[in-house]
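Protein chains in written order, with our numbering: chain H, 1 to 87; chain E, 101 to 187; chain X, 201 to 287; chain A, 301 to 387; chain L, 401 to 487; chain S, 501 to 587.
Incorrect hints may have been included.
Here are the computed lysine to any residue pairs in the SDA-like style, where the Cα-Cα straight-line distance is at most 25 Å [stated by the list, open to error]:
| id | chain 1 | residue 1 | chain 2 | residue 2 |
| --- | --- | --- | --- | --- |
| 1 | A | Lys341 | L | Leu421 |
| 2 | L | Lys441 | S | Pro555 |
| 3 | A | Lys351 | X | Leu250 |
Covered stretches of chain H (chain E as the covering partner; in silico rule of three or more C-beta atoms under 8 Å from a C-beta of chain E) [said to hold, decoys possible]:
| id | segment |
| --- | --- |
| 4 | 31–44 |
| 5 | 59–71 |
Read the hints as simulated data drawn from the structure, not as lab findings.
Where a beta carbon is used, it is the ideal one built from N, C-alpha and C, also for glycine.
Protein chains: 6
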Amino acid sequence: ADSPATDMNAPEAEVWLPTLLTDTPQQGFELAVGMARRAVKTAQPDVEVLKSLRPGYATDAGSLIDVSGVAATWFATIAAANDYWRE
Amino acid sequence: ADSPATDMNAPEAEVWLPTLLTDTPQQGFELAVGMARRAVKTAQPDVEVLKSLRPGYATDAGSLIDVSGVAATWFATIAAANDYWRE
Amino acid sequence: ADSPATDMNAPEAEVWLPTLLTDTPQQGFELAVGMARRAVKTAQPDVEVLKSLRPGYATDAGSLIDVSGVAATWFATIAAANDYWRE
Amino acid sequence: ADSPATDMNAPEAEVWLPTLLTDTPQQGFELAVGMARRAVKTAQPDVEVLKSLRPGYATDAGSLIDVSGVAATWFATIAAANDYWRE
Amino acid sequence: ADSPATDMNAPEAEVWLPTLLTDTPQQGFELAVGMARRAVKTAQPDVEVLKSLRPGYATDAGSLIDVSGVAATWFATIAAANDYWRE
Amino acid sequence: ADSPATDMNAPEAEVWLPTLLTDTPQQGFELAVGMARRAVKTAQPDVEVLKSLRPGYATDAGSLIDVSGVAATWFATIAAANDYWRE
C-alpha cells in the first residue's frame with residue numbers, strides 16, 4: 001500500500017522494530033522506553049544534542065513526570081499487542 | 101454520509117492516507133510520525149514556517165518529550181488497525 | 201434519556217455531526233480535525249477571536265505539537281468507529 | 301460495594317448523569333462537553349469564579365487547544381459506550 | 401505474584417478501592433474523581449498542603465482544564481470496567 | 501525476537517515486573533504508581549536527585565495534577581490486563 005510511511009524517506013533504513021511482541025512485561029516496558037526515545041529522534045536525530053539536553057530535563061520534575069506519561073502511552077500499545085502477557 | 105469532513109474544503113486534494121494498514125510495525129511507526137506531521141500542517145500549512153520552528157523545538161527537551169507523546173497516540177491507533185502485526 | 205446533553209441548550213441547533221462513519225481514513229482524519237475545532241468553539245464561539253489567535257499558535261512549536269496530539273485523540277475514536285477502514 | 305464513590309459526600313445529590321447513551325453522535329459530543337465541565341466543577345464549584353475565568357482561557361490558544369483535547373478524551377468514552385452509533 | 405505492588409509498602413493499609421464496579425455512571429464519575437485525588441496523595445500525602453494549594457489551582461483555568469482531562473482518563477477505565485452501564 | 505528491548509542494555513537486570521496481574525484493583529493502583537516511578541527512573545536513575553525534586557513538585561498543583569494523569573494512563577493498562585477485576 002502506498003501510504004505516507006513508504007514514500008517518506010525513513011531516516012534509518014535499519015530494522016529496529018521487527019515486532020511489538022516481547023516475552024515479558026518488563027521487556028515490553030523497555031521496548032516502550034526504546035520506542036519513546038526513537039520518536040524523540042525523529043524530531044532530533046543528533047544524539048549529541050540529545051545528550052546535552054539530559055542534565056536539564058533529568059533534574060526537572062515536570063519533564064520527568066511527562067517522560068513517564070509518554071512511556072505509559074507507548075506501553076499501553078505494547079501491552080495490548082502482547083495481550084497483557086496473560087497466559 | 102454528509103459529515104463535516106466532506107463539506108470542509110480539504111486543504112490537500114491529494115490522497116495521502118489511502119490506508120492505516122502497513123506491512124511492519126516500523127512502517128506503522130513511520131506512518132504515525134507522518135500523520136502527526138500532517139496534523140501539524142492543518143494548523144500551519146506553510147512548510148517554511150515549520151522549518152523555521154525546528155531549531156527551537158528540536159533543542160527543547162519539553163517539546164521533544166511532547167513530540168514522542170503525540171507520536172505514541174497516533175501509533176496506538178495504527179497498531180490497533182493492524183491488530184498489532186500479530187499474525 | 202434525560203442526560204445533560206439534552207437539557208444543555210446546544211449552542212448550534214444545526215446537525216453538524218450526523219455520523220462518525222467516513223468512507224476513507226483521510227476523511228476520518230479530516231473529521232477528527234473538524235471535531236477538534238468544534239470542541240474549541242464550545243469554549244470560544246467567536247470565529248473572529250479564533251482567527252485573531254491563529255498567528256500566535258500557528259508559529260508556536262509547542263502549540264502545533266499539542267494540536268497534533270489533540271487531533272490524534274479525536275482520530276483514535278473515529279478510526280475505532282470505522283473499524284480502522286480494514287475491509 | 302463500599303467504594304470511595306459512595307462514602308465521598310457527592311457534591312451534588314441531583315442525578316445529572318443517568319446514562320452515557322445518547323441517540324446521536326452530536327448528543328454524545330454535547331454530553332462529553334457537559335461531563336468535562338462537570339469535572340471542572342468538582343475542583344471549582346463556584347460558577348461565578350468559573351465565569352470570571354472565561355475571558356482568560358477563551359482568548360488563550362493553548363487553553364483552547366487543551367479544552368479540545370479534554371473533550372476528546374471524554375468523547376472517546378461516550379462513543380465507545382454507544383458503540384460509535386454504528387447501526 | 402511478587403510484583404512491585406506487593407513489595408512496595410502501600411502508603412495506606414486501608415482498603416479504599418475494593419472494586420471498580422459502580423451502580424451508575426454518576427457513581428463511576430465520582431469514583432474517577434476519588435481515584436484522581438488518591439493518585440495526587442501518592443505524591444503529596446499531607447492533606448493540609450493539598451488544601452493550601454486549592455485557592456491557586458481552583459482559580460487557574462489551565463489547572464482546571466487539566467483536572468478535567470485527568471478525571472476523563474480515570475473515568476475511561478471505570479466506564480470500561482462497568483461495560484459503560486449499558487444494560 | 502531481536503527487538504530494541506533486548507539489544508538495549510536494560511538499566512536494571514533485576515526482575516521488577518514479572519506480571520501485570522494483581523489480586524485487587526488497589527494493588528493494580530499501587531502497581532501503576534510503581535511503574536510510573538520506574539519510568540521516571542529510566543530518565544533519572546539517581547534516587548537522591550529524585551528525592552531532591554520532591555519538595556518542588558509535591559507543593560506544585562500543576563505537577564500533582566500531572567502525576568495523577570500519568571498514574572491514570574498506567575492504571576488503564578493494568579486494569580485492562582486484569583479484565584477490570586470483574587469476576
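Do the hints match the structure? See the list:
1. Lys341(A) / Leu421(L): holds (24 Å)
2. Lys441(L) / Pro555(S): holds (14 Å)
3. Lys351(A) / Leu250(X): With Cα atoms ~19 Å apart, Lys351(A) and Leu250(X) stay inside 25 Å; holds.
4. 31–44: holds (count 9)
5. 59–71: Answer holds; 7 residues pass the 8 Å Cβ test.
Figure legend: structure checked against the earlier numbered hints; every hint is met.
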